[in-house]
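Residue numbers (my numbering), protein chains in the order written: chain B, 2 to 115; chain R, 4 to 124.
In case anyone wonders, no lab produced these hints; they're calculated from the structure. All of these numbers come straight from a predicted model, not from anything done at the bench. Treat the hints with caution; some may be incorrect.
In silico SDA-like pairs for lysine to any residue, Cα to Cα no more than 25 angstroms straight-line [unchecked claim]: (1) B:K4 to B:E63; (2) B:K4 to R:M92; (3) B:K56 to R:A4; (4) B:K19 to B:R69; (5) R:K76 to B:D60; (6) B:K19 to B:D60; (7) B:K4 to R:L50; (8) R:K76 to B:R69; (9) B:K56 to R:R100; (10) B:K4 to B:V53; (11) R:K81 to B:L42; (12) R:K73 to R:T21; (13) B:K54 to B:V20; (14) R:K81 to R:T116; (15) B:K58 to B:G17; (16) B:K58 to R:T21.
Chain B is faced by these chain R residues, among others (derived, beta-carbon under 7 angstroms) [said to hold, decoys possible]: (17) F38; (18) P44; (19) Q47; (20) M48; (21) L50; (22) S110; (23) F114; (24) T116; (25) R119.
Even glycine gets a Cβ: it sits at the ideal position worked out from N, Cα and C.
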Amino acid sequence: DVKVTQSSRYLVKRTGEKVFLECVQDMDHENMFWYRQDPGLGLRLIYFSYDVKMKEKGDIPEGYSVSREKKERFSLILESASTNQTSMYLCASSATDRGRRGYTFGSGTRLTVV
Amino acid sequence: AQTVTQSQPEMSVQEAETVTLSCTYDTSESDYYLFWYKQPPSRQMILVIRQEAYKQQNATENRFSVNFQKAAKSFSLKISDSQLGDAAMYFCAYRRRGGGLNTGTASKLTFGTGTRLQVTL
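Assemble the whole structure, with the sequences as input and the hints as a guide.
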């Protein structure tokens with residue numbers, strides 16, 4: 002069964018800490034994405050990557066960075082966590098198929114910054 | 004920029020009844036895809052149904068069907084014979100149809116704010 006795996010389901014971090022959220026997919030997908038989900042705001046795109054070592058900013062990149070050293074792994078980095086980054090983070094991947102298919106999502110990481 | 008609007012934060016339906024969730028979108032593109040995703044309490048996002056803008060026929064997947072009105076930029080989801088397992092957050096999403104090998108930008112999904120569906124006995 003193909004899947005996208007996020008390393009942590011729940012995470013609690015302190016303000017100012019550097020936080021790594023890891024995502025791994027086993028479908029050989031070219032594209033990977035990080036979204037954050039907040040009540041009333043839906044899913045908002047933070048960063049995405051369409052190839053190894055390639056990345057593009059999404060709609061809300063401030064305070065975040067990403068790393069994609071291998072095709073299957075896409076990491077989201079909070080350089081200095083703040084309380085307003087408390088949220089649900091969803092990773093997704095997709096094939097390069099001219100857009101006809103949707104994404105495969107991970108189960109999300111609920112991050113609390115205290 | 005594309006935007007997706009879901010104007011119903013919450014909806015409720017009785018088991019076995021039919022419910023329609025609304026979605027409108029704004030785009031200057033003529034060729035794109037629209038999706039409905041379901042997110043149950045497990046948080047796993049599940050693709051419910053997909054519509055290709057160049058197809059006039061409305062997509063159907065078992066009890067789920069869409070009413071796609073391209074001119075009105077409307078894409079509603081109808082759930083027939085509602086079941087308790089249909090209770091979830093439902094998100095409408097838009098994706099531009101890409102071209103060429105590098106479809107990075109075209110692969111972006113833009114989501115609405117979601118509709119929480121409750122199913123009652």
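Do the hints match the structure? See the list:
1. Distance check on the hinted pair: K4 of chain B and E63 of chain B sit about 28 angstroms apart at the alpha-carbon level, beyond 25 angstroms; violated.
2. For the hint pairing K4 of chain B with M92 of chain R, the CA-to-CA distance comes to about 21 angstroms; that is within 25 angstroms, so the pair holds.
3. Distance hint between K56 of chain B and A4 of chain R is fulfilled; the C-alpha atoms sit about 19 angstroms from each other, no more than 25 angstroms.
4. At most 25 angstroms may separate the alpha-carbon atoms for a hinted pair to count; K19 of chain B and R69 of chain B meet this at roughly 17 angstroms.
5. For the suggested pair K76 of chain R and D60 of chain B, the alpha carbons sit about 22 angstroms apart, so the restraint of at most 25 angstroms is met.
6. About 21 angstroms separates the Cα atoms of K19 of chain B and D60 of chain B, which keeps this hinted pair within 25 angstroms; it holds.
7. The straight-line distance between the Cα atoms of K4 of chain B and L50 of chain R is roughly 14 angstroms, inside the 25 angstroms bound, and the hint therefore holds.
8. For the proposed pair K76 of chain R and R69 of chain B, the alpha carbon gap of about 36 angstroms is over 25 angstroms, so the pair is violated.
9. For the hint pairing K56 of chain B with R100 of chain R, the CA-to-CA distance comes to about 20 angstroms; that is within 25 angstroms, so the pair holds.
10. For the hint linking K4 of chain B to V53 of chain B, the alpha-carbon distance of about 19 angstroms falls within 25 angstroms, and the restraint holds.
11. Note on K81 of chain R and L42 of chain B: the hinted pairing holds, with a Cα-Cα distance of about 23 angstroms set against a maximum of 25 angstroms.
12. With a CA separation close to 23 angstroms, the supplied pair K73 of chain R and T21 of chain R stays within the 25 angstroms bound.
13. For the hint linking K54 of chain B to V20 of chain B, the alpha-carbon distance of about 20 angstroms falls within 25 angstroms, and the restraint holds.
14. Restraint check: the Cα-Cα separation between K81 of chain R and T116 of chain R comes to about 18 angstroms, which is no more than 25 angstroms; the hinted pair holds.
15. For the proposed pair K58 of chain B and G17 of chain B, the alpha carbon gap of about 22 angstroms is at most 25 angstroms, so the pair holds.
16. Of the supplied pair hints, the one linking K58 of chain B and T21 of chain R is violated, its CA atoms being roughly 40 angstroms apart against a limit of 25 angstroms.
17. Nearest Cβ of chain B to the Cβ of F38 of chain R: about 5 angstroms, under the 7 angstroms cut. The hint holds.
18. Evaluation of the P44 of chain R hint against chain B yields a violated restraint, the C-beta minimum of about 11 angstroms exceeding 7 angstroms.
19. Because the closest C-beta pair between Q47 of chain R and chain B is about 5 angstroms apart, less than 7 angstroms, the hint holds.
20. Interface hint at M48 of chain R: satisfied, since its Cβ lies 4 angstroms from the closest Cβ of chain B, which is below the 7 angstroms cut-off.
21. Below 7 angstroms, beta-carbon pairs count as interface contacts, and L50 of chain R has one with chain B at about 5 angstroms; its hint therefore holds.
22. Here the hint on S110 of chain R is kept, as its CB sits about 5 angstroms from the closest CB of chain B, short of 7 angstroms.
23. Hint status for F114 of chain R relative to chain B: holds, with the closest Cβ pair at about 4 angstroms, below 7 angstroms.
24. Residue-level restraint check for T116 of chain R holds (minimum Cβ-Cβ distance to chain B is 4 angstroms; threshold 7 angstroms).
25. Annotation: interface hint on R119 of chain R violated; nearest CB of chain B at approximately 10 angstroms, more than 7 angstroms.
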